[in-house]
Each structure stands twice: as C-alpha cells, then as structure tokens.
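Let the hints inform the model, and build the full structure from the sequences given.
Protein chains: 2
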Amino acid sequence: MALLFLSPDDPADLWRAELQARMPGLDVRIWPQVGDPAEIDIALVWRPPPGELARYPNLRAILSLAAGTDGLVADPDLPDVPIARMVDPSLTRTMTEYVLLAVLRHHREFDCFERAQRAREWAYAFPPQAADRRVGIMGLGELGSAAARALVAQGFQVLGWSRTPKMLDGVLSYPGRSELHAFLHRTDILVCLLPLTADTVGILDAAIFAELPHGACVINVARGQHLVEGDLLQALDSGHLGGATLDVFREEPLPQGSPLWDHPKVRVTPHVASYSVPSTAADGVAANIRRVSAGEPLLHQVDRVRGY
Amino acid sequence: MALLFLSPDDPADLWRAELQARMPGLDVRIWPQVGDPAEIDIALVWRPPPGELARYPNLRAILSLAAGTDGLVADPDLPDVPIARMVDPSLTRTMTEYVLLAVLRHHREFDCFERAQRAREWAYAFPPQAADRRVGIMGLGELGSAAARALVAQGFQVLGWSRTPKMLDGVLSYPGRSELHAFLHRTDILVCLLPLTADTVGILDAAIFAELPHGACVINVARGQHLVEGDLLQALDSGHLGGATLDVFREEPLPQGSPLWDHPKVRVTPHVASYSVPSTAADGVAANIRRVSAGEPLLHQVDRVRGY
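Protein sequence lines correspond, in order, to chains A and B. First residue of the first sequence? That's 161 in the numbering used here, and the numbers climb one at a time after it. First residue of the second sequence? That's 161 in the numbering used here, and the numbers climb one at a time after it.
Since the hints were derived computationally from the structure, they do not count as laboratory data. One thing to keep in mind: the hints can contain errors.
In silico negatives: residues of chain A with every beta carbon more than 10 Å from chain B [to be verified]:
#1 Gln180
#2 Asp201
#3 Ala214
#4 Pro217
#5 Ala226
#6 Gln289
#7 Ser305
#8 Ala310
#9 Gly315
#10 Gly375
#11 Pro413
#12 Arg427
#13 Arg450
What follows is a set of in silico ranges between Cβ atoms, one per label pair, in the way DEER data are often shown [claimed, not checked]:
#14 Phe286(B) <-> Ala283(A): 32 to 42 Å
#15 Pro335(A) <-> His400(B): 50 to 60 Å
#16 Pro335(A) <-> Phe286(B): 33 to 43 Å
#17 Pro424(A) <-> Ala370(B): 33 to 43 Å
#18 Glu281(A) <-> Asp173(B): 21 to 31 Å
#19 Ala447(A) <-> Leu174(B): 49 to 59 Å
Using N, Cα and C, we set each Cβ at its ideal position, and we do this for glycine too.
Okay, structure coming up:
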C-alpha cells in the first residue's frame with residue numbers, strides 16, 4: 161500500500177507525519193519523488209496536473225485535499241476510480257467563520273465606515289436588526305449547512321437554495337431551478353457555496369443580480385468560475401448591488417490588471433476562506449485509506465455524473 | 161404620571177408611540193417642551209445637560225436610554241432617585257454582532273488582506289484555528305456575557321475578567337485586580353466592555369498593553385474614557401500591538417485632527433457598536449414605568465456607589 165501525495169500548496173511533510181501517526185509504516189510518496197508508479201494505490205491530491213493521475217496503473221482511489229473536486233473531474237484522462245472529497249471539521253469551521261465575517265461586514269455596513277474613516281467623517285449608520293436581514297445561501301452541502309446554522313444562531317433570516325429540498329432548523333428551503341426566482345427576490349446578502357458543475361458554472365451573472373433586491377450584496381466563496389466578473393462589476397457600478405466579497409476568481413492569483421482589486425465596493429481575499437489543518441483532516445483521510453485496504457466504499461464519495 | 165423624554169440622538173416620536181402602545185394615555189413630554197416641571201415623575205434620558213434633571217422637583221426615577229450610566233452619575237446635581245440602566249435584547253444583540261465582527265476581522269487578519277488588496281498583492285495568510293485563539297473580555301455584565309457566549313459558540317478560547325467571579329459555560333473566569341496579570345498574559349484579542357467608573361477610567365493604558373502578548377489586538381466598545389489613546393498609538397507604532405478596533409473615543413465625534421483616523425492599524429467606527437430599537441426596548445421601559453407607579457423597585461437599578 162503506497163500513497164501518492166501531490167499538492168502545490170499543502171504541507172507535504174506535515175501530512176506525512178500526521179498520516180503515519182495514525183497508520184505507522186504507511187508508505188507516503190511525495191510527488192514528484194514517486195518511485196515506481198505501479199506501486200501507488202491511492203492518491204491524495206490538490207490540483208494535480210491534468211493527465212498526471214493516468215500514470216498510475218494500479219490506482220484504486222483518489223482522495224481530494226479540497227471540498228470541491230471540480231478540478232479533478234474536469235480531467236478527461238482521470239482514471240475511473242472512486243473519488244472522495246475532503247470533509248474536515250477545520251475546513252468547515254474556517255469557512256463558517258469567513259462567511260459569518262463577510263455577512264456581518266455587509267450587514268453592519270463596514271464598507272461605509274471604512275470609506276468614512278478615510279475621509280475623517282463621523283457618520284452614523286444604524287442598519288436593520290439581524291431579524292430583518294435576509295441571507296440567502298446557494299448550496300446547502302457540508303459547508304453551506306454549517307454556515308446557515310451559524311447565521312441562524314446570530315438571528316438572521318436564512319434562506320437556502322439547493323438542488324433538492326433540505327430540512328435545516330430555521331432555514332427556508334427553496335429547492336430547484338423553479339424556486340430560484342423566489343429565493344433571489346428575498347435575499348439581501350447572497351452567499352455562493354455551490355459545487356462547480358456544468359449546471360452552476362457562470363451562474364452568478366447579470367440575470368441573477370437583476371433579481372436581487374436593490375442594494376443587495378454578493379459573497380462568493382465557492383469557485384471563481386461561478387461568477388461572471390464583468391456582470392458583477394456592471395451591477396455594482398450601476399448602483400444596483402451594494403457590495404461584494406470575493407475569495408475566489410476565474411484566474412488565481414487574481415491578475416494585477418483586474419479591476420476588482422481597487423473597486424471601492426469589492427473586498428478581495430486570496431482564496432483563504434477555508435483551509436484544512438492536517439492535524440484534524442488526517443483522521444478522515446486515514447479512515448478512507450483503511451476503507452480502500454479493506455475493499456469498502458469511500459466516505460464522502462463524489463458522484464461523477466452529478467459532479468460533486 | 162408624566163414622562164420626560166430627553167435625548168439628542170434617539171427618535172422621540174417613535175419612542176412616544178411605542179410607549180403609548182403599551183400604556184395608552186401615558187403623558188410623554190419631549191424635551192424641551194416639558195410644560196410644568198413639577199408634573200414630571202419619570203425621566204427617560206440619554207446625555208441630559210448636567211444639572212437639567214435637578215429642575216424636576218417631583219422626579220421619582222431616571223431611566224437610561226443607554227447601558228452605561230456613567231454620564232448620569234457624573235452629574236453632581238443629579239437628584240437622589242433610583243436610576244435604571246437600559247437592558248434590551250436589541251442592544252445586546254447588536255453589541256454581540258459588533259464584537260463578533262471585530263474579533264473575526266482580527267482573527268482572520270482582514271487588516272492584512274485590506275492592505276494587500278490596495279497593493280494588488282495576492283498574499284496568503286492562514287491564521288491559527290479559533291480553538292488556538294484566546295479572546296479576553298473585560299467586563300462580564302449583560303453585554304460582556306452575551307459576547308462571550310457568541311465567541312464560545314464560534315470555538316474561540318474565551319477568558320473573562322470581572323470584579324467578581326462569573327460562571328459562564330466555556331469562559332475562564334479571572335476575578336479581581338489580582339487576576340488581571342494572568343488574564344492579560346493569555347489574551348490575544350482584548351475586548352473592553354467594562355462599565356466606566358472611577359476604578360476603570362483610563363484602564364487601557366501602557367501598563368496593560370505591555371502585559372498583552374506580542375501582536376495582540378485591542379477592541380474598545382465600552383467608553384472612550386477607558387482608553388489612553390496616546391498609549392495605544394505608542395504600543396501600535398512600536399509593533400507590540402497588532403491592531404485596534406475603536407468604536408468610542410474621549411471626544412465624540414472624534415476630532416478631525418486625531419491621528420487615529422488614518423492609522424493603518426486602527427479601525428474607527430462612530431459609536432455604533434450597539435443600539436437599541438424602541439420596538440423592543442420599550443417593553444423594559446414600560447415595565448419600569450409601571451413599577452414606579454406601583455412603588456416597586458426598578459429592574460436593572462444602578463448601584464450609585466459602585467457606579468453601574
């Protein structure tokens with residue numbers, strides 16, 4: 161049993177140590193020092209080069225280091241083996257924190273206060289109570305559900321749009337395309353936590369923005385490809401949208417020339433909304449490695465047809 | 161029974177309507193249209209001019225529109241009648257929101273991201289998990305306790321410093337001056353929610369900042385007089401403190417010439433952290449008006465010797 165570890169961003173040595181603490185003797189090969197490709201059984205990856213995973217003839221499973229597996233399933237040469245997405249308490253907790261922070265910033269009008277501070281202006285603004293502020297979450301999976309619960313706990317009105325109906329305490333469920341219109345009309349702060357699929361690519365476009373109430377804000381923490389950046393800029397500049405918080409972009413790092421960087425209504429962060437910590441995430445990865453050994457189905461397996 | 165309403169900032173007509181909805185026929189006199197001062201039984205006030213309340217010979221109680229009553233008890237001519245501070249779900253909820261927002265901004269290093277955005281820099285920063293971040297709250301009254309509970313719910317390590325020991329789930333209690341040293345040494349993000357008294361005026365000074373760990377942040381949402389602004393600036397400029405969020409100031413509005421306005425490590429907001437909404441706050445006020453009529457003690461009565 162040999163594990164391939166391949167990620168440009170994650171700490172390989174720390175991952176090896178955490179996995180070996182749970183599975184002494186586990187053979188971890190850190191890409192590109194792989195040895196004989198035929199010895200690799202399992203790949204633990206983030207953004208592998210397209211075609212790379214086809215090089216391992218005996219691969220039995222792919223474990224993603226990220227919650228979103230859109231990059232993997234987009235690889236036309238991906239071997240036909242089970243894929244598991246990352247589910248990890250630290251990933252969920254950091255995303256919940258970021259969403260709560262971004263929603264509270266818009267709710268409490270911190271963009272206005274930051275502008276006023278630069279102008280040395282003492283300008284009151286008393287926003288509506290949380291109970292009168294409607295936060296709409298697109299995508300109620302692992303991350304969306306956790307964010308929804310935290311926003312309910314803060315007293316917001318929370319709406320959720322998802323493929324299928326979801327029962328979450330205090331969250332109004334708007335399932336399917338037919339409910340999207342009603343969902344958007346009632347959303348003051350929109351949070352995108354959708355998986356990226358053929359159905360959701362480019363979903364945050366002019367048509368969606370036009371359905372939001374005047375002054376609504378948009379938070380994208382899913383994938384850059386969900387957003388049509390030009391449509392967002394137009395909706396902000398026309399005054400229809402009040403602001404945006406963007407953590408993900410079509411091209412990352414965001415190019416120097418992007419007009420998003422210095423737009424007064426846009427807060428840019430560099431894809432940091434959620435991150436997993438090997439010390440907690442290694443539990444779930446080790447559990448899945450044992451399942452592969454035992455010939456059992458993976459936890460959190462991706463449905464390749466659905467795309468997530 | 162006539163009620164004097166006196167506030168430069170609160171919506172008088174809305175308050176009258178909300179009170180009369182609960183107590184039909186209540187005689188509400190909006191300052192300065194007071195009529196015969198001898199007819200006033202109760203005063204509902206925010207920042208009355210010093211000496212003003214001494215003009216009402218038959219005053220039986222003073223109800224504060226704010227949680228902090230330091231301005232009232234500082235009036236040497238204040239009549240010797242019971243004072244009640246404002247306790248209101250909306251006041252508590254808005255303060256909790258603001259504290260959560262300010263703590264999350266520091267925790268997730270939004271100051272860094274905002275600087276990076278202005279420089280068009282894509283710079284990762286992955287802060288420690290909330291479980292490894294220690295938030296110390298000075299003052300565990302109505303507002304401090306609620307903020308502490310919300311921070312515990314977000315997974316932070318929460319410490320509380322208060323005059324007397326407090327039992328709050330998940331909050332380490334450091335009571336009294338003797339525990340202040342230990343409390344400060346373990347606090348990464350300090351939140352001041354103390355009442356302003358002779359004991360706490362100027363408490364946020366160089367000595368306190370020196371005891372905080374390197375890189376700690378300070379949030380003041382209590383009163384401007386708690387903070388020695390020059391000491392804060394020095395601790396920020398020396399690099400010892402990482403940042404500050406200030407909602408209250410010695411002089412309000414903050415003077416145009418204050419160096420706080422454009423300090424890169426300081427976020428200024430114009431005394432908006434908490435605000436009550438007459439639609440909810442009128443319940444508690446009406447209850448206290450009825451208590452005065454019935455000769456019963458006030459709810460949330462201020463201890464004049466203690467100062468809050």
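Hint check:
1. Gln180: holds, 22 Å
2. Asp201: For Asp201(A), whose nearest Cβ neighbour in chain B is about 30 Å away, the distance exceeds 10 Å, so it holds.
3. Ala214: holds, 30 Å
4. Pro217: holds, 35 Å
5. Ala226: holds, 14 Å
6. Gln289: Since the minimum Cβ distance to chain B is about 6 Å, Gln289(A) lies within 10 Å and the statement is violated.
7. Ser305: holds, 16 Å
8. Ala310: Since the minimum Cβ distance to chain B is about 8 Å, Ala310(A) lies within 10 Å and the statement is violated.
9. Gly315: violated, 6 Å
10. Gly375: holds, 18 Å
11. Pro413: Check fails; 3 Å does not lie beyond 10 Å.
12. Arg427: Since the minimum Cβ distance to chain B is about 7 Å, Arg427(A) lies within 10 Å and the statement is violated.
13. Arg450: Holds, since 25 Å exceeds 10 Å.
14. Phe286(B) <-> Ala283(A): 32 to 42 Å: Because 34 Å falls inside the window, the suggested range holds.
15. Pro335(A) <-> His400(B): 50 to 60 Å: holds, 53 Å
16. Pro335(A) <-> Phe286(B): 33 to 43 Å: holds, 35 Å
17. Pro424(A) <-> Ala370(B): 33 to 43 Å: With Cβ atoms ~38 Å apart, the hint holds.
18. Glu281(A) <-> Asp173(B): 21 to 31 Å: holds, 27 Å
19. Ala447(A) <-> Leu174(B): 49 to 59 Å: This hint holds: roughly 57 Å between Cβ atoms.
Against the hints set out earlier in the document, violations occur for numbers 6, 8, 9, 11 and 12.
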